[in-house]
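Colleague: Residues per chain, in single letters:
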Amino acid sequence: MSGIILEIDGRKFEASEGMTILQAAQKLGIAIPTLCHHEKLEPYGACRICTVEAEIRGWTKLVAACLYPVEPNLIVRTRSEKIDRIRKTILELLLAHAPDSTQLKELAKEYGADRDRFEKEASFCIHCGLCVRYCAEIKKKNAVGFVDRGTRREISFIPEIASKECWNCKECFPLCPTSALQAAYVLTEALASSLHSFVHEG
Amino acid sequence: MDNEKIDKIIDKHHCEASSLIQVLLEIQSENHWLPKEALERVSERLEVPLTRIQHIATFYKAFSLVPKGRHEIHICMGTACHVRGATRILDTVQDLTGIKPGETDSNLKFSLQTVNCLGCCALGPVMEVDGKHHGKIAPANVADVLKKYD
Ligand code: SF4
Ligand code: FES
Chain A
1 MSGIILEIDG
11 RKFEASEGMT
21 ILQAAQKLGI
31 AIPTLCHHEK
41 LEPYGACRIC
51 TVEAEIRGWT
61 KLVAACLYPV
71 EPNLIVRTRS
81 EKIDRIRKTI
91 LELLLAHAPD
101 STQLKELAKE
111 YGADRDRFEK
121 EASFCIHCGL
131 CVRYCAEIKK
141 KNAVGFVDRG
151 TRREISFIPE
161 IASKECWNCK
171 ECFPLCPTSA
181 LQAAYVLTEA
191 LASSLHSFVH
201 EG
Chain B
1001 MDNEKIDKII
1011 DKHHCEASSL
1021 IQVLLEIQSE
1031 NHWLPKEALE
1041 RVSERLEVPL
1051 TRIQHIATFY
1061 KAFSLVPKGR
1071 HEIHICMGTA
1081 CHVRGATRIL
1091 DTVQDLTGIK
1101 PGETDSNLKF
1111 SLQTVNCLGC
1121 CALGPVMEVD
1131 GKHHGKIAPA
1141 NVADVLKKYD
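Chains as they are written, first to last, in the working numbering: chain A, 1 to 202; chain B, 1001 to 1150.
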């Protein structure tokens, strides 16, 4: 028996080496909310909505379930007053950026998050990196990437690559938890075509 | 900046993707900014996607994606310089060069930038031009210093 025995929400589970808490919970049918996770992509750990309590040798810490590997005798709690409070605040912060995201609104209902708690700073992108990572890891096209940093970080298409690759793909569109991606794409497309006609007329 | 020069820098680093930042820094210091064509060349030769290069080039303040002047003026706005009149130095430089922080004049002579501490507070107020420090500078002396550059 080489499995790793751990406990999630009071239920024992035998996991295999290298599994994350999220994967183990999914096997048990326990739902942990995620925003930046995608099973085909490398774990990223950007949104922290999957935060859970992990108790090991009597110590409890907060970890991102989508990143944290299972270990023997781990005790995981996926819901608690503290966890719910953390998820609520994360959602409120994200909602300041993308107030109309369906995915966020649904989670907000579940965790009692107030959409208007923080002043709106509608950038629409919540930096989950799904579009960027999907394009790089799965499609290997690297048509979209992040630029700048901190509060000014945003996604940006490379017009030359986008005009060749994106029209026939657009597989990243449904991944985006907000509408930021489509907006950015449409903008790039418009820019690229105006550039195009500019070059041809000029 | 032509491809030949860029290639020389890249070859010096044996075309290794791990030297990306070093390569960009050298292009930046030789050319004062990173033109798109240069980034494309680097991307092609180091086999690093352009998205990644763009991310890095916009992440670090050392890089510029817009043309920079031949001479870079840095004015310290740190606390020590501030209380010793950095704002007046900045005003004078703006008047003389006609540019605001973050801008470059149309002759590509000067670029102006404010910084938050140059690490020599005892010399405040400090104006730095191309890495040379001008400490305890008075607004009246700014013109004399800038005159030396062309
Ligand atoms: S545009 Fe959408 S998918 Fe891409 S990083 Fe932003 S929120 Fe995520
Ligand atoms: S899903 Fe785990 S950090 Fe986003």
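By construction, these hints were calculated from the structure, which means they are not laboratory data.
Every residue, glycine too, gets a C-beta built ideally from N, C-alpha and C.
There may be inaccurate statements among the hints.
What the hints assert, rightly or not - Ranges between beta-carbon positions, derived for each pair:
id: 1; chain 1: A; residue 1: 118; chain 2: B; residue 2: 1067; range: 19 to 27 Å
id: 2; chain 1: A; residue 1: 175; chain 2: B; residue 2: 1088; range: 49 to 57 Å
id: 3; chain 1: A; residue 1: 139; chain 2: B; residue 2: 1139; range: 54 to 62 Å
Colleague: Indicate, hint by hint, whether the structure satisfies it.
Modeller: Taking the hints in turn, this is what the structure says about them:
| no. | hint | result |
| --- | --- | --- |
| 1 | A:118 - B:1067: 19 to 27 Å | violated (38 Å) |
| 2 | A:175 - B:1088: 49 to 57 Å | holds (53 Å) |
| 3 | A:139 - B:1139: 54 to 62 Å | holds (57 Å) |
Against the hints set out earlier in the document, a violation occurs for number 1 only.
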